[in-house]
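Convert by adding 6 to the 1-based position in the sequence shown; the result is the number in this note's numbering.
Calculated from the structure, these hints are not laboratory results.
Treat the hints with caution; some may be incorrect.
Stated by the list, open to error - Label pairs and their computed distance ranges (CB to CB): (1) I36 to A163: 15 to 21 Å; (2) S38 to R143: 42 to 48 Å; (3) F71 to D99: 24 to 30 Å.
To be verified - Mimicking PhoX-like on lysine-lysine, the simulated pairs with C-alpha atoms at most 25 Å apart in a straight line are: (4) K10 to K24; (5) K167 to K24; (6) K115 to K128; (7) K174 to K24; (8) K114 to K50; (9) K50 to K179; (10) K179 to K128; (11) K179 to K167.
Glycine included, C-beta positions come from ideal geometry on N, C-alpha and C.
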Amino acid sequence: MTYKVQDTSQWLRSEHFKFYQNFTHPWYNICSNIDVTELYHYCKQHGHRFFHAYLYLTQQALNQFEPMAYRIVEDEVRIYSPMSVSVALLANDDTVRFCDLPYASIFKKFTQSATETEIRIKNSSFIVEQFIGKEIRQDTIHMTVLPWVDFTSMTHARDTKHPDSIPKMALGKLTQNGDRMRMPLSIEVHHGMMDGLH
Numbered sequence: 007m008t009y010k011v012q013d014t015s016q017w018l019r020s021e022h023f024k025f026y027q028n029f030t031h032p033w034y035n036i037c038s039n040i041d042v043t044e045l046y047h048y049c050k051q052h053g054h055r056f057f058h059a060y061l062y063l064t065q066q067a068l069n070q071f072e073p074m075a076y077r078i079v080e081d082e083v084r085i086y087s088p089m090s091v092s093v094a095l096l097a098n099d100d101t102v103r104f105c106d107l108p109y110a111s112i113f114k115k116f117t118q119s120a121t122e123t124e125i126r127i128k129n130s131s132f133i134v135e136q137f138i139g140k141e142i143r144q145d146t147i148h149m150t151v152l153p154w155v156d157f158t159s160m161t162h163a164r165d166t167k168h169p170d171s172i173p174k175m176a177l178g179k180l181t182q183n184g185d186r187m188r189m190p191l192s193i194e195v196h197h198g199m200m201d202g203l204h
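Given only the sequences and the hints, what does the whole structure look like? Please build it.
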């Protein structure tokens, strides 16, 4: 994991960071519908999985926006690069698995890796010991996909006993409205790292 440390004494958000740092619940969530018409038709035309395409584009967009890379680790603000995506998938036994998809700048490499990783993860057991006592990977964004729910709000499970500044995202059901395709997007971030403007 590659990161640099933010000098908070010179940081424009320094006072905001201090203000929100010790909140019990410092996260806020914004949920909106996004238009995915062009992406949907592009995937249909070229035979790409829509799921992989929007995960890839989300990963690319997040890596171009530095505030999404801010993490609070050991009382310092770190900026990680590059960031990967960790997505919750429904396994073959209808329970959730966490699937880490490494950063890839080229779509073909991303989709090949994602396909291989999905197959492996969906067929593996969920073993609690893989997570308990392990250091949380910071160079990632946590995502979930609910393709059967056209949600209008969303919250994420968090362990408030441990510092967590990793952004959480959710994408919902693809729906058609006239000739447009849309889906809900939820983004939950630490308020000390960014505001609604971001």
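Results of checking the hints against the structure:
{"no.": "1", "hint": "I36 to A163: 15 to 21 Å", "verdict": "holds (18 Å)"}
{"no.": "2", "hint": "S38 to R143: 42 to 48 Å", "verdict": "violated (27 Å)"}
{"no.": "3", "hint": "F71 to D99: 24 to 30 Å", "verdict": "violated (36 Å)"}
{"no.": "4", "hint": "K10 to K24", "verdict": "holds (19 Å)"}
{"no.": "5", "hint": "K167 to K24", "verdict": "holds (18 Å)"}
{"no.": "6", "hint": "K115 to K128", "verdict": "holds (20 Å)"}
{"no.": "7", "hint": "K174 to K24", "verdict": "holds (21 Å)"}
{"no.": "8", "hint": "K114 to K50", "verdict": "holds (16 Å)"}
{"no.": "9", "hint": "K50 to K179", "verdict": "holds (17 Å)"}
{"no.": "10", "hint": "K179 to K128", "verdict": "holds (21 Å)"}
{"no.": "11", "hint": "K179 to K167", "verdict": "violated (32 Å)"}
In terms of the numbered hints stated before, the structure departs from hints 2, 3, 11, listed from lowest to highest.
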